[in-house]
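J.: Okay, here's what each chain looks like letter by letter:
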Amino acid sequence: MRLATVWLDGCSGCHMSLLDLDERLLAVAEKADLVYSPLVDNKIFPEDVDITLVEGAVSNEEDLHKIRMVRERTRILVSLGDCAVTANVPGMRNPFLTSEVYDRAYRENVTFDPGIPNQVIPPLLPYSRPVHEIVPVDVFVPGCPPSADVIFYAVSELLEGRIPELSAKTRFGA
Amino acid sequence: MATGALSDFAKPAPPNQDKRWRLVDATMRRLGQHPRGLIETLHTVQEAYGYLDEEALRYVATSLRVPLSRAYGVATFYHFFTLKPAGEHTCVVCMGTACYIKGAPQLLDTVKRDLGVKPGETTSDGKVSVLTARCLGSCGLAPAVVYDREVAGKVTPHGMREHLAQWKTP
Amino acid sequence: MTPEELEQISESEHEAQGKFAHRVNVCVAAGCLSCQSQSVKDALDKDITRRGWEGRCQTKGVGCMGLCAEGPLVSTDNGTMYKGVTAADAPEILDSVESSPIERLLCPTDVPFFQRQKKIVLENSGIIDAERIEDYIGSLGYGALIKVLTEMTPPEVIQEVVKSGLRGRGGAGYPTGLKWSTVAKAAGPAKFIICNADEGDPGAFMDRSVLESDPHRVLEGMLIAAYAVGASEGFIYVRAEYPLAIKRLRTAIRQAERMGLLGTSICGTRFSFRIDLRLGAGAFVCGEETALIASVEGKRGTPRPRPPYPAQEGLFGEPTLINNVETFANISPIIRNGGDWYAKIGTEKSKGTKVFALAGRVQNTGLVEVPMGVTLREIVFEIGGGIPEGRKFKAVQTGGPSGGCLPAELLDMPVDYESLARAGSIMGSGGMIVMDESSCMVDVAKYFMDFCMTESCGKCVPCRVGTYQMHRLLESITQLEGTPKDVALLTELCDLLKNTSLCGLGQSAPNPVISTMRSFADEYKAHVEERRCPAGVCGNHRNSEEPA
Amino acid sequence: MNRPAANIKTLKIDGRDVTARPEETILEVARQNNIFIPRLCELKGLSTVGACRLCLVEVKGSNRLLPACVTRVEEGMEVTTSSERLDGYRKAILELLFTERNHICSVCVSNAHCELQSLAQKLGITHVHFPYRYPVVAVDASHERFIVDHNRCILCSRCVRVCEEIEGAHTWDIMGRGIDALVITDLNQPWGSSESCTGCGKCVHVCPTGALSEKGRSVAEMLKRRQFLPYLTLMREDRE
Chain A
92 MRLATVWLDG
102 CSGCHMSLLD
112 LDERLLAVAE
122 KADLVYSPLV
132 DNKIFPEDVD
142 ITLVEGAVSN
152 EEDLHKIRMV
162 RERTRILVSL
172 GDCAVTANVP
182 GMRNPFLTSE
192 VYDRAYRENV
202 TFDPGIPNQV
212 IPPLLPYSRP
222 VHEIVPVDVF
232 VPGCPPSADV
242 IFYAVSELLE
252 GRIPELSAKT
262 RFGA
Chain B
-12 MATGALSDFA
-2 KPAPPNQDKR
8 WRLVDATMRR
18 LGQHPRGLIE
28 TLHTVQEAYG
38 YLDEEALRYV
48 ATSLRVPLSR
58 AYGVATFYHF
68 FTLKPAGEHT
78 CVVCMGTACY
88 IKGAPQLLDT
98 VKRDLGVKPG
108 ETTSDGKVSV
118 LTARCLGSCG
128 LAPAVVYDRE
138 VAGKVTPHGM
148 REHLAQWKTP
Chain C
147 MTPEELEQIS
157 ESEHEAQGKF
167 AHRVNVCVAA
177 GCLSCQSQSV
187 KDALDKDITR
197 RGWEGRCQTK
207 GVGCMGLCAE
217 GPLVSTDNGT
227 MYKGVTAADA
237 PEILDSVESS
247 PIERLLCPTD
257 VPFFQRQKKI
267 VLENSGIIDA
277 ERIEDYIGSL
287 GYGALIKVLT
297 EMTPPEVIQE
307 VVKSGLRGRG
317 GAGYPTGLKW
327 STVAKAAGPA
337 KFIICNADEG
347 DPGAFMDRSV
357 LESDPHRVLE
367 GMLIAAYAVG
377 ASEGFIYVRA
387 EYPLAIKRLR
397 TAIRQAERMG
407 LLGTSICGTR
417 FSFRIDLRLG
427 AGAFVCGEET
437 ALIASVEGKR
447 GTPRPRPPYP
457 AQEGLFGEPT
467 LINNVETFAN
477 ISPIIRNGGD
487 WYAKIGTEKS
497 KGTKVFALAG
507 RVQNTGLVEV
517 PMGVTLREIV
527 FEIGGGIPEG
537 RKFKAVQTGG
547 PSGGCLPAEL
557 LDMPVDYESL
567 ARAGSIMGSG
577 GMIVMDESSC
587 MVDVAKYFMD
597 FCMTESCGKC
607 VPCRVGTYQM
617 HRLLESITQL
627 EGTPKDVALL
637 TELCDLLKNT
647 SLCGLGQSAP
657 NPVISTMRSF
667 ADEYKAHVEE
677 RRCPAGVCGN
687 HRNSEEPA
Chain D
95 MNRPAANIKT
105 LKIDGRDVTA
115 RPEETILEVA
125 RQNNIFIPRL
135 CELKGLSTVG
145 ACRLCLVEVK
155 GSNRLLPACV
165 TRVEEGMEVT
175 TSSERLDGYR
185 KAILELLFTE
195 RNHICSVCVS
205 NAHCELQSLA
215 QKLGITHVHF
225 PYRYPVVAVD
235 ASHERFIVDH
245 NRCILCSRCV
255 RVCEEIEGAH
265 TWDIMGRGID
275 ALVITDLNQP
285 WGSSESCTGC
295 GKCVHVCPTG
305 ALSEKGRSVA
315 EMLKRRQFLP
325 YLTLMREDRE
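Residue numbers (this note's numbering), protein chains in the order written: chain A, 92 to 265; chain B, -12 to 157; chain C, 147 to 694; chain D, 95 to 334.
By construction, these hints were calculated from the structure, which means they are not laboratory data.
Treat each hint with caution, since some may be false.
[Unchecked claim] Cross-link-like lysine-lysine pairs, in silico, PhoX-like; alpha carbons within 20 Å at most: (1) K644/C / K154/D; (2) K309/C / K293/C; (3) K216/D / K644/C; (4) K185/D / K631/C; (5) K155/B / K99/B; (6) K206/C / K192/C; (7) K260/A / K154/D; (8) K260/A / K185/D; (9) K229/C / K206/C.
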């Protein structure tokens, strides 16, 4: 199986939790090749990925571009963690205008050379949104972050070709 | 119960000397000073003062022994009541079904363009308040608009524009 | 007041009116008033004085004549009707009462709009002066009340109403007689009658017209109901947005009290009944009985789960009978002519007549009363005169925000409770809005959902959040930004709201969406698949009649 | 207390034979028999309003779904508390609640102790398939001991009822209507400035979510105590 992980707008906590699999990572590695991930070197998301775990909400234009490409190249797309599932903390800006958010981040709270960057930082979308509002998602793993046990269970089931039943094991905010 | 405790909650005096409070008091008396007279009393206040402010709500609530939060809850539940003073003129665009399909949305667009206000708002100079109505029951004359209590039927954006212009010039 | 005294008032009224050689009636119901009909009446009065015709020609401010679109309407005693009359026409009209009619203003009455109607509820509308109880009495008014008080027992009255087959005219069509007997059987130290005059459907103005044109008829219906069920106090819950109706009701109550037709020991019997007004304050949900009761009690108008039903535990916890204006307005003719007479009109399950407010894209907008069972086609194309400007009929909407849009295929359907329900709409209170090809049905669905969202009381979750979600989905579809997935979500929410909402408002809120999705699926499809509005209504730039 | 046998109703809930007193509701009887029916607005000791619609059940012979919290038992009733249809509706209703305000469980004082959150898990909700609303609503920390965070409020009205029915202060009520409804104190003023609030804290402890909390609690630290409610009800009954 070809496995990938993607990091959109999130704190990387879900990837940390993934690393918490510890020695169980070896068990996963026996069944799957990690073909793309912020944890490995590949810079290009390959074609024909079997399973992609997505951490983070879709918040800016780069996220949007990336998740659409990932969806096209992935058989089973997994929303990993509350940011991907609900927009969670990145979504807390959603009641406000992006201009207000920029002001707060780059002007009000900045003492040295305040100003909104116009390069490098991809433009924010009007809302930070859960992945499934942008592209179809096959499996949802809520949790902030989902525990290593939950991730291991979910990935193991997927590698066995089954869709994991997760509601008994995790929830929003878990 | 001690009578002293009761007298603390005797009917309060009106907030000020304004004679219109007598009308309000009369309504409350007619309804036996009972909590169930709340809505009728609020109607009288709004008729007398044009809107319900905090002072009036507090006075009516205490007089009728209605909890403050309930009085506020009732005053904000019913769209006929308003907590803000209206402008010098009011323009009510009927949004009944007949008016809607005969061009009420275009009338609202006209108001927005000409006065720069949305329904429920008053122009910054306090001249005109714009409201919408559920249905005036003047469906035979759709689309209908009420300019300062006068119903006008078969209103066109052009006619409306002229009417609003009259109000703008002092 | 005795039967003899009533007879006497009636006779002297006839005599007083008979003294005039001529009479000119001017409609002073809200529709014509907003076209300055009062100034027409004033001009007529002035010209009568000028001519010295005071004893010869009477002018009378009367209620609605029906054809509101052509107002102000004026009729003369020789059966001529004039439309679009202005104050300047007054002298000419007075000239015409003794010569030939004025061709220029003539409103033909031998047309289907007038000929195809059958007036029971509106029998006095456009004929009597709503502000004079004598005129009502002169038209058999309060005769039914005297009849029940002197000749009938309460069970006999209920029996007559049961026999008539009358069903509630407020929407759901619950059998009126059955409702009355439930309240009559309920035990309670006090019972109440409420007349629901909070006509809330946008596009409906039947009740307003009845209240403005013939308020005593409603009082008489309530009195008879009170006698039948054993109530001693009644309330009319009337929209604050109807100032003229309120004024005329207040006048009518005062007059009836003065004549001993309301108050204690009515007509010398042990029957006492008082009526008070309660003003609605702009909440559609108060058409729901339990919400209406909460509002009369001075509270937020939120519905509560039933049972207990208002007939058992209603206003102030006591058994309460709630009927709407038109239902009460049917009572006195039923008592006067008998339940069997009434039951002969209409269809097997829907008896009598129904008043409809015909509006929208139709030639003759106004108020019509027709026997139950006539077809939509008759109403729209014969009585209504069809669609103006040579456009094509698209749909007729009945039942307001709880109803549905009926397409051309259903035009030959008879108008009765069952047929409308089968077609996915409801009778509702009687609003009938005609739409032509210039209306987009998705936009119409959005309009009604906007209404339901704004009017949701917010108590139960499915209605509070569901109407918001549905409106948002329809908003995006009408912005031509919707997807087929949005349509699927809409369908899911329709089912949810229908089955889980607390009250009728939420349960029926999806009806306009369901019925348009069923009959105009291609329009939804065009919006989400081709991003195109076939009627040219939707999109970011609304067509305006004039350049910005 | 002994009651004559004639006053006992027998009915079936999910195929099980159960008995009940005639004044009892389906929800009460189900609870006595450890049959789970989800609900958020109902709380034992407060009046029932039938507002959240989560406790809707199927009753044989009725074509409508009935709210278990206000529907009284009847002889021979056959009640189904769980079915694919009911579960679907319940999930949809809960999801609608999640979309209505800004429920960010991960940073909520009531995380892990929240009735909305735990019900969602129990009913197998792993994501919300309706779009979120993201309203701008306030947090009021003006009271010296308590906080109201409207982002977490589900308008169940438990606070309104406990304040009116148990405390007798009627500090809380609901203003506005529909999607714009909000719980308020007195004349929609800061809680800290309320004249009628006694500061008893009952509202905080009956609140099913993190909308009402005690000050000084961090994420997942707000535990709610409810034992006072049956206790007060019982003690007041005995006083009669």
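J.: Hints first: check each against the structure and report whether it holds.
T.: Now the hints, each set against the structure:
At most 20 Å may separate the alpha-carbon atoms for a hinted pair to count; K644/C and K154/D meet this at roughly 19 Å. Between the alpha carbons of K309/C and K293/C the distance comes to roughly 17 Å, so the proposed pair stays at or under 20 Å and holds. For the given pair, K216/D sits about 25 Å from K644/C by alpha-carbon distance, which is inconsistent with the 20 Å threshold. For a cut-off of 20 Å, the pair hint linking K185/D to K631/C stands: about 19 Å separates their Cα positions.
Of the pairs offered as hints, the one joining K155/B and K99/B holds, with about 14 Å between alpha carbons and a cut-off of 20 Å not exceeded. For the suggested pair K206/C and K192/C, the alpha carbons sit about 13 Å apart, so the restraint of at most 20 Å is met. Restraint check for K260/A and K154/D: not satisfied, since their Cα atoms lie roughly 35 Å apart, outside the 20 Å limit. As the CA atoms of K260/A and K185/D are separated by approximately 18 Å, the hinted pair is consistent with the 20 Å bound.
At roughly 16 Å between alpha-carbon atoms, K229/C and K206/C fall within 20 Å of each other, so this suggested pair holds.
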